[in-house]
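Could you slot chain L onto chain D? The hints should help.
So the protein lines, in turn, are chains D and L. Using the numbering used here, you'd call the opening residue of the first sequence number 378 and step up by one each time. Using the numbering used here, you'd call the opening residue of the second sequence number 98 and step up by one each time.
I should point out that these hints are in silico values taken from the structure, not numbers from a laboratory. Errors might be hidden in some of the hints.
[Claimed, not checked] Straight-line distance between alpha carbons at most 25 Å, and here's what the computed BS3-like set of lysine-lysine pairs gives:
no., chain 1, residue 1, chain 2, residue 2
1, D, K652, D, K622
2, D, K644, L, K254
3, D, K559, D, K455
4, L, K281, D, K622
5, D, K548, D, K602
6, L, K148, L, K281
7, D, K640, L, K148
8, L, K187, L, K174
9, L, K281, D, K670
10, D, K640, D, K670
11, D, K622, L, K148
12, L, K126, L, K179
13, L, K281, D, K640
14, D, K670, D, K491
15, L, K174, L, K303
16, L, K303, L, K148
17, L, K148, L, K114
18, D, K559, D, K486
19, D, K559, D, K548
20, L, K303, L, K281
21, L, K254, L, K227
22, L, K187, L, K303
23, L, K254, D, K640
24, D, K670, L, K254
[Unchecked claim] Here's a subset of chain L near chain D, in silico, CB distances under 8 Å, partners left out:
no., residue
25, Q161
26, G195
27, S267
[What the hints assert, rightly or not] Stretch by stretch, here's where chain L covers chain D in the computed footprint (C-beta under 8 Å, at least three residues):
no., region
28, 529 to 537
29, 579 to 587
30, 681 to 694
The structure displayed is predicted, hence computed values, not measured ones. Built from N, CA and C at the ideal position, the CB exists for glycine as well.
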Amino acid sequence: MNKRLEQALNCEPSDRVPFLPAIYEHKAWFVGETPSRVCRDVNLFTTAMFAEYERVQPDALTVGMDVYNVEAEAVGSKVLYYRGEDSSVPALAPEGAVFRGSEDVASLKMPDPKKDGRMPLNLEVARNVVRVLGREVPIRGAVSGPFSLAAHLVGPEHLFMLTVTHPRLVKDLVGFSAEAIKRYGEAFIDLGCGVVIFDSQASPELLSPQMYREFVLQPTQNIIKYFQQAGASHVPLIIGGNTTKIIDSYLETGANNILCDAKADSKEFLEKCSKARRAFRRNLDSANFLEAKPEELRRRASAMLQESQGFAGFIAGTSVVPYGTPLANLLAIRETVQEYSRGG
Amino acid sequence: MNELDELAQCLGQGQTKRVADLTQQLLDKGVGPQRILNEGLIAGMAVVGEKMRSGEMYLPEVLQAASGMQASLRLLKPYLVKEGAQPLGKILLGTVKGDMHDIGKNLVGIMLQGAGFEIVDLGLNVPPQKFIEAITDHTPAIVGLSAMLTTTMLNMKTTIDAIGAAGLRSQVKVIVGGAPVSQKFAEEIGADGYARDAVLAVDKVKQLLGVSAQG
Numbered sequence: 378m379n380k381r382l383e384q385a386l387n388c389e390p391s392d393r394v395p396f397l398p399a400i401y402e403h404k405a406w407f408v409g410e411t412p413s414r415v416c417r418d419v420n421l422f423t424t425a426m427f428a429e430y431e432r433v434q435p436d437a438l439t440v441g442m443d444v445y446n447v448e449a450e451a452v453g454s455k456v457l458y459y460r461g462e463d464s465s466v467p468a469l470a471p472e473g474a475v476f477r478g479s480e481d482v483a484s485l486k487m488p489d490p491k492k493d494g495r496m497p498l499n500l501e502v503a504r505n506v507v508r509v510l511g512r513e514v515p516i517r518g519a520v521s522g523p524f525s526l527a528a529h530l531v532g533p534e535h536l537f538m539l540t541v542t543h544p545r546l547v548k549d550l551v552g553f554s555a556e557a558i559k560r561y562g563e564a565f566i567d568l569g570c571g572v573v574i575f576d577s578q579a580s581p582e583l584l585s586p587q588m589y590r591e592f593v594l595q596p597t598q599n600i601i602k603y604f605q606q607a608g609a610s611h612v613p614l615i616i617g618g619n620t621t622k623i624i625d626s627y628l629e630t631g632a633n634n635i636l637c638d639a640k641a642d643s644k645e646f647l648e649k650c651s652k653a654r655r656a657f658r659r660n661l662d663s664a665n666f667l668e669a670k671p672e673e674l675r676r677r678a679s680a681m682l683q684e685s686q687g688f689a690g691f692i693a694g695t696s697v698v699p700y701g702t703p704l705a706n707l708l709a710i711r712e713t714v715q716e717y718s719r720g721g
Numbered sequence: 098m099n100e101l102d103e104l105a106q107c108l109g110q111g112q113t114k115r116v117a118d119l120t121q122q123l124l125d126k127g128v129g130p131q132r133i134l135n136e137g138l139i140a141g142m143a144v145v146g147e148k149m150r151s152g153e154m155y156l157p158e159v160l161q162a163a164s165g166m167q168a169s170l171r172l173l174k175p176y177l178v179k180e181g182a183q184p185l186g187k188i189l190l191g192t193v194k195g196d197m198h199d200i201g202k203n204l205v206g207i208m209l210q211g212a213g214f215e216i217v218d219l220g221l222n223v224p225p226q227k228f229i230e231a232i233t234d235h236t237p238a239i240v241g242l243s244a245m246l247t248t249t250m251l252n253m254k255t256t257i258d259a260i261g262a263a264g265l266r267s268q269v270k271v272i273v274g275g276a277p278v279s280q281k282f283a284e285e286i287g288a289d290g291y292a293r294d295a296v297l298a299v300d301k302v303k304q305l306l307g308v309s310a311q312g
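Bound-form chain D, shown alone (with noise of 0.2 Å):
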């Protein structure tokens, strides 16, 4: 088993630096596929996740494309996916919500793993990946975070609304949320991998650092507890944008990987988790990775590690590595953080 991860969530010293490319929709682009039809079909989507640990060898494998969709879709949330070849990343479909907001959460029903949605299937290739890989690389599951996915069984625009004047039926959706999750993080637990939470909803981007803390921190650590209890040594936490001004609320949910996206203070990040002895993962943003030349991307790239200054919690990662990145590109990084040495 590749211990390099291992370690550094450990914040303890390794080999090098761990890589971990935000790789999603772009798994379909392997097998020549949509993500539309890849996150619907067993065979299509165990065979992506080889064909993706074959060719950028990430020091992490994830289940998940359209991640912030499976959970409110097993509740019954309706999703969009796209026909033909259209590459878009299946989403909340318009009007699909299924809580109105009128009604009270004990009616949503609680999702069942083995049944509901595509959890069934996602699990499946959870399954599949775990036989083949997991004594060779760390498998980890997909999971919303409770206010993305109370966003998504509701609508992102009606939440919003809803905590400034039905605060409490705000609170009662994410804790149903978190229930929902606590129970399909653990059917990946049980099967051997690890969980990663998903809630960029929570993002101060859009979400004020006290809405945060009164909405969402509570329950994020009750998730993150119950995972860890489940048996899930380290339990990530990815919120996208820029996160600085929640990074003491971040490190209090009891995540042990917290993200540093690309627009957020890698300096305020390297300073509080080194004194957390928290490991971060810093993004490489993406948004030109489909032209860019690896020669950029290589600059890019090592200027990035430059900021990890020897901190043995830094990880190496990217935003949302866009469906058709050139193969090319994403090895240029790899690279880079391959070649370069702590400290260096």
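Chain L in isolation, oriented as in the chain D frame:
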């Protein structure tokens, strides 16, 4: 505090019902709809924009303010029509292909409408061809493209390129916005303008069309 100042203040506090009540009171007193719009709503939303940029307000409060503005605009519209107020220009808005986020675009639409522009909203997940058809059908002065994801913002360039290939680029100005978008990105993809929030989008549109601050 006069009622127009109170209207602006209530708008910033997200008091939707009070905003509607005050609007009606002002109309009943014979205050002109354009004055209510400029000194109440637009002034109030300008403060909201400043507070958002300084980190005093976040999306939930901004959405509340926008909701108040919409409520007020519904009351003002018949009066504005009666006054014969002409739109300052026509703006075509849409979230680009592959992107299902529309909060930002909707806010921009409300703000532009409040500032006196006519809005044609194409909704979300809009393919380039649909923008092209709408430019031909509606002859807007400006096309506003929105994207929320780093992966879909690339479709802004695709859309701008398609508008150019259709021979329509010289007929319209294109502005872009959305969480991952920046001034640098806007320049790189050949957009005419970028605005980081809905209030600044109104300023940018006015600047591009040579409309004075007062409208």
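To see whether the hints hold, each was checked on the structure:
no. : hint             : result
1   : K652/D to K622/D : holds (17 Å)
2   : K644/D to K254/L : violated (33 Å)
3   : K559/D to K455/D : holds (21 Å)
4   : K281/L to K622/D : holds (24 Å)
5   : K548/D to K602/D : holds (19 Å)
6   : K148/L to K281/L : holds (24 Å)
7   : K640/D to K148/L : holds (20 Å)
8   : K187/L to K174/L : holds (16 Å)
9   : K281/L to K670/D : holds (18 Å)
10  : K640/D to K670/D : holds (22 Å)
11  : K622/D to K148/L : holds (16 Å)
12  : K126/L to K179/L : holds (17 Å)
13  : K281/L to K640/D : holds (14 Å)
14  : K670/D to K491/D : violated (44 Å)
15  : K174/L to K303/L : holds (21 Å)
16  : K303/L to K148/L : holds (21 Å)
17  : K148/L to K114/L : holds (22 Å)
18  : K559/D to K486/D : holds (15 Å)
19  : K559/D to K548/D : holds (16 Å)
20  : K303/L to K281/L : holds (21 Å)
21  : K254/L to K227/L : holds (15 Å)
22  : K187/L to K303/L : holds (12 Å)
23  : K254/L to K640/D : holds (22 Å)
24  : K670/D to K254/L : holds (18 Å)
25  : Q161             : holds (5 Å)
26  : G195             : holds (3 Å)
27  : S267             : violated (25 Å)
28  : 529 to 537       : holds (count 3)
29  : 579 to 587       : holds (count 5)
30  : 681 to 694       : violated (count 0)
In this structure, the hints that do not hold are numbers 2, 14, 27, 30, in rising order.
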